[in-house]
Amino acid sequence: MATPDSLSLFTGLGLSEHKARETLKNAALSAQLREAATQAQQTLGSTIDKATGTLLYGLASRLKDPRRLPFLVGYIASKKIHTEPQLTAALEYVRSHPLDPVDTVDFERECGVDVIVTPEQIEEAVEAAISRHQSQLLVERYHFNMGLLMGEARAVLKWADGKMIKHEVDMQVLHLLGPKMESDLDKKSKVVKARPEETDQRKAKDVVENGVAAGQALSLMEQLRGEALKFHKPGENYKTAGYVTTPHTMNLLKKHLEITGGQVRTRFPPEPNGILHIGHAKAINFNFGYAKANNGICFLRYDDTNPEKEEAKFFTAIYDMVAWLGYTPYKVTYASDYFDQLYTWAVELIRRGQAYVCHQRGEELKGHNPPPSPWRDRPVEESLLLFEAMCKGKFAEGEATLRMKLEMEDGKMDPVAYRIKYTPHHRTGDTWCIYPTYDYTHCLCDSIEHITHSLCTKEFQARRSSYFWLCNALDVYCPVQWEYGRLNLHYAVVSKRKILQLVAAGAVRDWDDPRLFTLTALRRRGFPPEAINNFCARVGVTVAQTTMEPHLLEACVRDVLNDTAPRAMAVLEPLRVIITNFPAAREPEPGYKRLAWGQPVGLRHTGYVIELQHIVKDPSGCVASLEVTCSRADAGEKPKAFIHWVSQPLTCEIRLYDRLFQHKNPEDPAEVPGGFLSDLNPVSLQVVEAALVDCSVALAMPFDKFQFERLGYFSVDPDSHQGQLVFNRTVTLKEDPGKV
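Position 496 of the sequence shown, counted from 1, bears residue number 496 in the numbering used here, the numbering being contiguous throughout.
No false leads were slipped in.
With a straight-line Cα cutoff of 27 Å, these simulated DSSO-like cross-link-like pairs (lysine-lysine) come out:
1) K158 <-> K64
2) K309 <-> K496
3) K233 <-> K158
4) K230 <-> K158
5) K80 <-> K166
6) K80 <-> K163
7) K498 <-> K458
8) K292 <-> K254
9) K233 <-> K331
10) K412 <-> K25
11) K50 <-> K158
12) K498 <-> K664
13) K19 <-> K166
14) K458 <-> K292
15) K163 <-> K180
16) K64 <-> K233
17) K405 <-> K421
18) K331 <-> K458
19) K496 <-> K421
20) K394 <-> K366
21) K230 <-> K64
22) K366 <-> K458
23) K230 <-> K254
24) K309 <-> K458
25) K309 <-> K392
26) K158 <-> K239
27) K239 <-> K80
28) K50 <-> K79
29) K50 <-> K25
30) K366 <-> K309
31) K366 <-> K421
32) K230 <-> K255
33) K292 <-> K255
34) K458 <-> K405
35) K19 <-> K79
Derived Cβ-Cβ restraints for the label pairs, each shown as a range:
36) M221 <-> Q662: 36 to 44 Å
37) A544 <-> F703: 31 to 39 Å
38) V543 <-> Y343: 30 to 38 Å
39) M171 <-> G45: 33 to 41 Å
40) S219 <-> G621: 57 to 65 Å
Since the hints were derived computationally from the structure, they do not count as laboratory data.
Heads up, the beta-carbon is just placed ideally off N, CA and C, and yes, glycines get one too.
Build the full structure now, drawing on both the sequences and the hints.
Structure follows, in structure tokens:
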């Protein structure tokens, strides 16, 4: 609860009462701001003016190393740092120089201390900026982006006061243009709103993040180069916002550089409990691609800490998909490789008073506000003995856990580091009956492998504090965790649990059913890996979660197959045509351009034209065959159309796929109240059992790809066997205009 003293202190800094109350809800921020205000008052010996109070609030909310608070408060209170740009430079300096003492001469030079910017200098800088844009200003008048003028003036006068620059811009623009007229008050005309599909395409091609435009203009490698993403350089982890330093940090980074030689190191760390999906394709491209783009290395590390759900087939399938997308791991490792070291560190964590053995049950720890552990303060020696007993199998599953003493960003207290599982491990057998959790394992495995950039999806942001805390609690090298947005698709589910439900319900055959968006399914359907990589490049390296339309992925597939897939001809509904020389005549329906009475058509790629002479029907009245005559294509009038055909064909099975679900968001109860299993598309698969295909494809092997003229792109399915080819339609030749 906010006390009157606290409120008056914060409102005295210039905060509104609402802002002061909001600040008091954040215990860490309010404590640091209170300390800063108290120190500033002691330095000044008087009340704090609003400008100083604003800087003190900015300092308290952005400073990550509280050891630097007295140093920086002194500069603010004495007015040596009196602008926002100076404060930003000061915070960057102390973050980049974590070790005591600070070189004050260097610090003051980098922060513009004692640099005086005169009104005349501001006037000249603004005048020069307006001169460069005068012609455009005279045309656009007050619709011109005045921020551009301020930015150019600020670039020349780094330490100038922003308010003074804005005032000067306003005055000089008024002098040039005169007072605003009625037309200057009109809003800019709006751009015609694009159709939803055009908007989706623009999002896919023009995502902008960290100053990088993702899309066809920039390749994935160009997007992932270090200077584009503004990631820290190897060994400069401490320059990253939010990175926590200790007295050991700089020495550990020095040793890290000696081991890595300054090389970028990333890792792709999947759990081997399911098949990779389209979202993992972005993760693979980001991790392996970032390393490749910066002449680094990437580990494939299996996070095999949950033996209950891991199967050998998943290990193999994951490696195959990484290789299929075109990447070769520098080394394949397993979290289980480090079980001995992880156990040793757990013991050390207990010795340092940073972990304890707890007996709360799993159900007690669920929810947002679980009760605090009554065993949090048990003696170190007691926790050491109990942890050893856990390791020796003296407790039942769920009877004891090892927990770490920290609070995470999302408010979760004391995450579990080790739990008991009496399940044989895929690699270590019965050696262990306790297994580390993700929260404990991941950062320490990154540390062991000297990862420079630990790239993970946005949902792990809440675990960043535990990542830094654990490495620093053990005084080991601490990498930097960077988060990026997940990639999802409409009309799809990718959850392992839900795919298993689809398999159990008979809606799909297995993990690699071509209607799914697992990578094995996309490969089976015939999607080239280059197309998937290109799609990831078009989506871009975004921080926000992205949900894309499937047709944007299909467009990338067409782009690749159009250049690579051999052409062949096939017919899905074959009709025998017998060429004769008996004429006949009949008028076709208006607008019909195929073979009809009195309307000859060309045979593609033959130089011949055929003309209908006779229709042969079977006893049921269905058309059985056609009798036609043929002539040279150059012998008469050019036909209105050319048709595809096959001669001496192979009979094959062709599987035509459509969306598995009928709604964009099958998992959304608001859109599909009955659940995703109620949203299945009844025509998501159509099988043509007696299609005919040109004999040129007779020797095709599984995953070979073809363009069947006028029908689409097709891939040979692994179900094929000698004498019976099975083709999956990968995509149609053009996007179906009926799709939204």
